[in-house]
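*Asks:* Chain by chain, the residues run as shown.
Number of protein chains: 2
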Amino acid sequence: MTAPNTEILAKAIQQLSATSAASLAQLCIAAAPRVLSKREALHRAGKPCESVWFVEKGYLRAFQADEAGRELNHCFYLENSFATDLVSLRTHQPSVLTLQAGEPTLVWEWPKQRLLDLYATSIEAAQFGRMLLGYLLLKQERQTRFFQHYGPAERYAHLLREQPALVQRVSVSQLASYLGMARETLSRLRSA
Amino acid sequence: MTAPNTEILAKAIQQLSATSAASLAQLCIAAAPRVLSKREALHRAGKPCESVWFVEKGYLRAFQADEAGRELNHCFYLENSFATDLVSLRTHQPSVLTLQAGEPTLVWEWPKQRLLDLYATSIEAAQFGRMLLGYLLLKQERQTRFFQHYGPAERYAHLLREQPALVQRVSVSQLASYLGMARETLSRLRSA
DNA sequence: GATTACGTGTGACAAAAGGCACAAAATGCG
DNA sequence: CGCATTTTGTGCCTTTTGTCACACGTAATC
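Residue numbers (the numbering used here), protein chains in the order written: chain A, 1 to 192; chain B, 1 to 192.
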């Protein structure tokens with residue numbers, strides 16, 4: 001694992017919202033690096049989520065346990081993604097989901113309050129916040145359409161085309177759960 | 001149709017983000033009322049989307065035409081919702097979706113640039129923008145889970161529980177498309 | 001290095017959903 | 001009001017997906 005490197009973070013922020021050097025530094029300083037080993041939990045269901053993370057290396061898996069105790073995978077956050085449990089973050093309710101590293105992983109952690117303070121005092125920081133949410137919302141809308149109007153075969157084909165890295169790095173059973181199909185169905189789609 | 005009434009709009013804004021009277025007025029003044037008759041298009045696929053709307057009365061349907069020419073319903077915006085085509089709004093690309101009134105409808109329209117100007121000059125307006133996006137993102141995440149991990153029967157039951165008004169007001173074929181199932185499947189679920 | 005646990009592929013069957021056809025009901029329009 | 005058009009419900013059959021069972025290979029453990 002290479003040493004934490006604020007430059008990657010800074011680049012990701014700049015990419016979302018052109019920001020002055022001063023505001024950029026404010027945002028970067030507000031985040032602390034955190035290293036996770038494979039399968040280590042970054043955030044556990046049951047606790048309120050109080051942070052936003054940025055994945056520099058490795059990846060995170062967000063999942064929820066259903067009534068039967070099976071894991072429902074919500075999504076994966078690969079390198080260069082911003083992750084949080086927005087539901088818990090906004091509602092202050094305990095999280096239903098767990099964030100876990102799928103590989104040795106390096107993230108940057110922002111305490112929620114730190115971000116809110118910045119947003120309230122700096123219009124540039126606020127703009128970054130808006131841009132980040134806008135970007136996430138756009139992705140999430142695409143995600144919804146993906147599940148709303150595609151069947152299992154189309155979903156797998158689409159994922160293979162758009163995110164081949166994800167298909168490589170994640171186990172078949174976790175991918176199947178993410179794709180909303182039975183493990184066996186995905187296994188058959190793969191061998192077809 | 002009752003006359004346009006800024007108070008409903010003001011209330012919706014306040015509910016998202018506590019805002020001073022001055023900022024609130026700025027936001028309200030920036031929007032213009034617009035009346036639509038049933039089936040009238042508010043925004044057509046092919047044009048870039050340059051506005052954000054708030055639905056005061058009636059409802060909007062967002063749909064896309066697939067390769068076969070069938071309409072894929074993305075979602076419905078009932079009273080008190082904020083609507084736009086975020087993909088087009090952010091990317092400046094022509095829209096793939098059309099927004100159409102499902103009933104005689106009254107909306108408030110914000111030109112995108114007006115909002116951006118406000119966001120750039122007022123930290124309170126920027127906060128409203130962030131709150132709105134956060135709220136929409138939260139809803140959209142729920143929406144994704146809904147399609148990702150629920151089957152047709154669960155989806156219908158859930159919708160009936162959470163949004164009975166929608167089920168009443170929208171035709172079966174449009175609802176089915178929205179729910180990601182065949183018209184016949186929904187028809188059978190209803191009579192079960 | 002043998003043993004165990006786990007993840008994955010695959011066959012057989014059951015259940016669910018889709019597609020087509022058509023009749024009944026509702027809606028729109030002159 | 002009555003005719004035409006659209007929408008909805010339903011039977012029949014096909015296709016797809018899920019479930020269960022088990023074999024195989026790989027990786028973890030002692």
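FYI, nobody ran anything at the bench for these hints, they're computed from the structure.
Cβ coordinates follow ideal geometry from the N, Cα and C atoms, glycine included.
Check before you lean on any hint, since a few could be wrong.
Unchecked claim - With the Cβ distance kept under 7 Å, some of the chain A side facing chain B (calculated, not the full set):
1. Ala-68
2. Leu-72
3. Ser-81
4. His-92
5. Gln-93
6. Val-96
7. Glu-124
8. Met-131
9. Leu-133
10. Gly-134
11. Leu-136
12. Phe-147
13. Gly-180
14. Met-181
15. Ala-182
Claimed, not checked - Looking from chain A toward chain B, a few residues come up when the C-beta cut is under 8 Å (computed):
16. Leu-78
17. Asn-80
18. Leu-86
19. Ser-88
20. Arg-90
21. Leu-118
22. Ile-123
23. Ala-126
24. Gly-129
25. Gln-143
26. Thr-144
27. Arg-145
28. Gln-148
*Asks:* None of the hints should be skipped; say for each whether it holds.
*Replies:* Status of the hints after comparison with the structure:
1. Ala-68: 12 Å, violated
2. Leu-72: Since chain B brings a Cβ to about 5 Å from Leu-72 of chain A, closer than 7 Å, the hint holds.
3. Ser-81: At 14 Å from the nearest chain B Cβ, Ser-81 of chain A fails the 7 Å test, so the hint is violated.
4. His-92: 13 Å, violated
5. Gln-93: With Cβ-Cβ at 11 Å, over 7 Å, it is violated.
6. Val-96: The hint is violated - Val-96 of chain A has no Cβ within 7 Å of chain B, the shortest such distance being about 10 Å.
7. Glu-124: 10 Å, violated
8. Met-131: 9 Å, violated
9. Leu-133: 4 Å, holds
10. Gly-134: Given a least distance of 6 Å, the restraint on Gly-134 of chain A holds.
11. Leu-136: 6 Å, holds
12. Phe-147: This interface hint holds because 4 Å falls under the 7 Å limit.
13. Gly-180: Since the shortest Cβ distance to chain B is 5 Å, the answer is holds.
14. Met-181: Not OK, violated: Met-181 of chain A not within 7 Å of chain B, min 10 Å.
15. Ala-182: 11 Å, violated
16. Leu-78: 17 Å, violated
17. Asn-80: 18 Å, violated
18. Leu-86: Constraint on Leu-86 of chain A satisfied, holds at 5 Å.
19. Ser-88: At about 10 Å, which exceeds the 8 Å cut-off, the nearest Cβ of chain B leaves the hint on Ser-88 of chain A violated.
20. Arg-90: Holds. Min distance 6 Å.
21. Leu-118: For Leu-118 of chain A, the interface hint is violated, since the closest Cβ of chain B sits about 11 Å away, which is over 8 Å.
22. Ile-123: 5 Å, holds
23. Ala-126: Ala-126 of chain A check passes; min Cβ-Cβ to chain B is 4 Å, inside 8 Å.
24. Gly-129: 5 Å, holds
25. Gln-143: Gln-143 of chain A check passes; min Cβ-Cβ to chain B is 5 Å, inside 8 Å.
26. Thr-144: 5 Å, holds
27. Arg-145: 7 Å, holds
28. Gln-148: Holds: closest Cβ of chain B sits about 5 Å from Gln-148 of chain A, inside 8 Å.
Comparing the model with each earlier hint shows violations of hints 1, 3, 4, 5, 6, 7, 8, 14, 15, 16, 17, 19, 21; every other hint is respected.
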